[in-house]
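Participant: Residue numbers (our numbering), protein chains in the order written: chain A, 1 to 461; chain B, 462 to 922.
These are computed hints drawn from the structure, not numbers from a lab. Note that this is a predicted model, so its numbers are computed, not measured. Yeah, the Cβ is synthetic: ideal placement off N, Cα and C, and Gly gets one too. Watch out, some of these pointers could steer you wrong.
Pairwise CB distance ranges, derived in the manner of DEER restraints [stated by the list, open to error]: (1) A/Asp352 to B/Leu591: 57 to 63 angstroms; (2) A/Asp461 to B/Gly481: 50 to 56 angstroms; (3) B/Gly474 to A/Asp352: 44 to 50 angstroms; (4) B/Arg676 to A/Asp352: 24 to 30 angstroms; (5) B/Thr794 to A/Ser175: 51 to 57 angstroms; (6) B/Ile464 to A/Asp170: 37 to 43 angstroms.
2 protein chains.
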Amino acid sequence: MNIIINDIEKVIGARGILLGEDVTSRPDSWPPMGGCQAKAIIRPANTQEVSDVLKLCHAAGQSVVTHGGLTGLVGGARASADDIVLSMERMTGLEPIDVVNRTVTVKAGVPLQKVHEAAAEVDLLFPLDLGARGSCTIGGNIATNAGGNSVIRYGMIRDQVLGVEAVLADGTIISSLNSVIKNNTGYDLKQLFIGSEGTLGVVTRAVLRLRPLPRSCNTALVAIENFEQLGRFLRDMDSALGGTLSAFEVMWNDFYRLIVGDGSKHGQPLGFNHAFYVLLESTGGHEESDRIRFEGALEEAFESELIVDAVISQSKQQRENLWSIRDDIEGLTQKLMPSIVFDISLGIQQMDDYVDEVRKQLTERWPDSRMVVFGHLGDGNIHLVITVGSHEPAEVHAVESIVYEALGRRQGVISAEHGIGVDKREFLKHSRSANEIALMKKLKHALDPKGILNPGKIFED
Amino acid sequence: MNIIINDIEKVIGARGILLGEDVTSRPDSWPPMGGCQAKAIIRPANTQEVSDVLKLCHAAGQSVVTHGGLTGLVGGARASADDIVLSMERMTGLEPIDVVNRTVTVKAGVPLQKVHEAAAEVDLLFPLDLGARGSCTIGGNIATNAGGNSVIRYGMIRDQVLGVEAVLADGTIISSLNSVIKNNTGYDLKQLFIGSEGTLGVVTRAVLRLRPLPRSCNTALVAIENFEQLGRFLRDMDSALGGTLSAFEVMWNDFYRLIVGDGSKHGQPLGFNHAFYVLLESTGGHEESDRIRFEGALEEAFESELIVDAVISQSKQQRENLWSIRDDIEGLTQKLMPSIVFDISLGIQQMDDYVDEVRKQLTERWPDSRMVVFGHLGDGNIHLVITVGSHEPAEVHAVESIVYEALGRRQGVISAEHGIGVDKREFLKHSRSANEIALMKKLKHALDPKGILNPGKIFED
């Protein structure tokens with residue numbers, strides 16, 4: 001056994017260490033490209049053990065890749081044979097919810113869904129939500145600044161974390177477990193750890209802000225004929241629904257047609273011939289008045305001819321049916337095999353033109369290529385699913401270059417939610433300037449001078 | 462003339478430099494303790510000039526204190542005779558508002574109120590609001606992470622800034638002018654400059670997120686008999702009013718009695734004998750349904766005996782009258798001369814006990830002392846106004862020690878909104894650990910190795 005592993009075993013015990021097949025039988029990341037390559041998986045039981053392990057690694061110059069739920073999509077958790085993996089799987093506790101202050105303190109390894117369940121039991125909501133909720137962990141959500149479906153209402157997880165405890169590369173514990181909304185006592189250190197993909201510190205605990213559990217929910221699927229009206233509809237709904245607009249998900253025609261078309265398991269709530277379909281949702285505190293307002297807002301939109309058709313869900317089941325269309329990413333990628341998926345942001349006024357340009361470039365090079373578009377338009381975030389009939393690295397790279405270069409020309413963002421990891425590192429320059437990247441590296445060097453934390457992620461060292 | 466000033470004049474011209482009486486005739490900070498002591502006031506016209514000036518200062522080891530509107534309350538802008546002041550007063554432009562994306566790009570020196578006015582013209586809202594709106598600047602708001610009355614609904618300015626352009630101590634321009642809500646392309650560098658009180662960089666421009674201008678506003682003043690009911694009322698209103706609760710301001714009995722009592726210019730909307738008075742406000746997008754919901758929520762609170770009396774404003778004038786009671790800080794401090802004002806946060810469940818302890822300690826030492834309490838309870842933020850009949854430094858310090866030590870024992874926050882500056886530096890240790898302060902210094906050293914930016918603010922160098 002390696003010397004460093006031996007030393008680690010002395011401080012956290014054999015139970016905390018996995019070797020050999022226990023390592024290689026685990027996936028290396030998501031989607032798995034093979035087994036985990038790391039020399040060991042280290043499983044500390046608490047913050048002090050994380051600190052002890054990092055102290056040893058720092059002294060030995062041993063690189064460390066932190067693992068949460070392994071649901072990231074950019075290879076941010078991929079470990080090489082030189083790395084050790086630090087897994088948060090034994091740090092899954094959740095303190096009792098503070099119902100007066102509406103906060104909960106959790107350990108990094110707790111799955112997102114457990115937080116939802118604990119909050120709902122006391123009539124509270126933790127608003128971050130995403131498809132991987134059963135497996136992804138709060139620590140990973142924080143390290144990647146997770147977004148999801150409710151960002152338009154509640155923001156990214158950055159806006160939902162009041163305090164963070166993290167361990168620096170040298171083992172120093174930074175316990176910044178603030179639990180109030182307003183705290184201007186010097187630098188807001190938690191921001192360093194949110195969204196830095198495990199390169200500046202290992203998140204061990206967090207204080208999360210909880211919200212009232214909504215008492216009402218109104219959902220509609222709406223058809224719109226052109227992009228300009230889509231933008232106006234978003235603004236009008238945000239205004240008319242006050243602070244209660246909680247989802248504004250858009251499907252371009254090709255998405256809707258593919259998911260609801262021939263042989264679909266979904267119903268067909270609206271016809272096929274509209275340019276855009278919006279899944280609109282509003283959650284509030286008062287059944288009756290919320291319904292009046294929601295229906296009133298849609299009526300206004302009809303009268304001003306912004307929308308041409310709509311269905312309003314009349315039951316929980318109907319609501320779920322509408323959402324299942326938007327959420328059927330599996331169905332989508334199955335029909336577009338092999339698919340390449342993108343997660344980008346740009347100004348709403350540039351989206352239509354951007355989508356046109358990318359589609360044109362793809363068709364020129366691959367006449368049979370297909371692209372469907374959907375996303376959280378209310379946040380400026382859209383997803384592209386593209387197939388060019390091949391998954392050869394050179395072809396994928398050519399597609400990526402088309403997508404990201406057209407984006408760079410419009411000050412767009414090459415990763416809205418998913419982060420950079422290793423997969424998008426090459427393209428970071430399209431969204432961030434040389435000075436910005438140099439400042440990132442300066443921060444990295446200040447906090448992790450030996451570069452042991454998740455090396456090679458976000459930028460090359 | 463000093464050599465460094467000479468060099469600066471060469472790059473930005475004589476118009477950019479104030480000397481002698483033009484410096485000393487300006488206040489040193491707020492409230493003014495004398496004239497500005499700096500050796501010069503430098504007034505760059507654009508970001509490039511800020512960069513040029515900082516390059517020279519960095520080379521010469523010249524300390525720089527950045528000035529916005531000089532409305533800070535903790536001496537964060539105070540300059541000594543060794544410093545030069547960098548004033549943003551010539552950088553006041555505002556680009557046309559992007560009404561589709563609902564953003565605006567502004568220069569650091571633009572007053573907050575100008576942003577309000579420009580947004581309102583196109584039916585949009587910039588939600589940050591505070592008493593100094595006419596003088597304070599966006600750059601200063603960002604540097605101090607300003608809060609104000611709408612934090613419960615929209616968050617601090619940190620949540621309202623999408624992008625920041627800042628100049629580092631060595632003159633490097635970091636143009637991180639992101640304009641979308643979701644951007645996970647590496648470290649979120651703007652966070653470094655928000656709330657760091659000018660010690661890590663000079664903010665030169667920002668992209669601000671705008672919101673729909675509310676179409677309805679409902680306001681009430683409510684009386685409550687005990688603290689436990691106050692906490693329940695906050696939670697119930699937050700839940701019943703969905704996402705539309707926009708203010709929850711609490712006045713303790715002594716505040717209300719002092720402001721509305723004998724010889725007051727205010728009416729007396731409710732009697733004097735209640736423990737707490739809450740100014741409750743909800744803004745939304747639909748007059749009729751918002752009114753139904755607001756009145757319904759208050760009725761529920763009456764029925765469950767959470768509140769004992771209430772007035773709902775029936776006009777804009779009545780609304781203003783209610784707010785003028787809450788906002789009459791001048792009237793308050795005049796009646797409590799000489800007064801010492803505190804801006805603190807702590808968990809809601811600890812507030813009642815905390816206020817009791819501080820009051821008891823004050824009375825023991827100064828039998829004639831008085832303390833009144835009010836604040837943004839919905840954010841965990843309260844203000845204490847205390848008079849012990851003296852403004853001698855030793856007495857003030859004794860009061861500060863009582864207030865902050867009792868807070869430290871409850872994991873409270875010694876500065877909710879106002880920052881640390883120089884005035885609260887000594888007490889920072891009550892809210893932040895030694896490891897946290899060491900990490901702040903590490904960041905400061907990485908970004909400003911010569912310590913030229915606002916030296917001695919937040920912590921001693």
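Participant: Next step is simple, just say for each hint if it's right about the structure.
Facilitator: Hint-by-hint comparison with the structure:
Between A/Asp352 and B/Leu591 the C-beta distance comes to about 39 angstroms, which lies outside the given range of 57 to 63 angstroms. At roughly 51 angstroms, the beta carbons of A/Asp461 and B/Gly481 sit within the given window of 50 to 56 angstroms. One distance hint, 44 to 50 angstroms for the beta-carbon pair B/Gly474 and A/Asp352, holds here, with the actual separation near 45 angstroms. Separation of B/Arg676 from A/Asp352 is about 28 angstroms and conforms to the stated range, judged on CB atoms against 24 to 30 angstroms.
A hinted range of 51 to 57 angstroms is violated for the C-beta pair B/Thr794 and A/Ser175, which are about 37 angstroms apart. As the Cβ distance of B/Ile464 to A/Asp170 is approximately 41 angstroms, the hint placing it in 37 to 43 angstroms holds.
Checked against the numbered hints listed earlier, the structure breaks hints 1 and 5; every other hint is satisfied.
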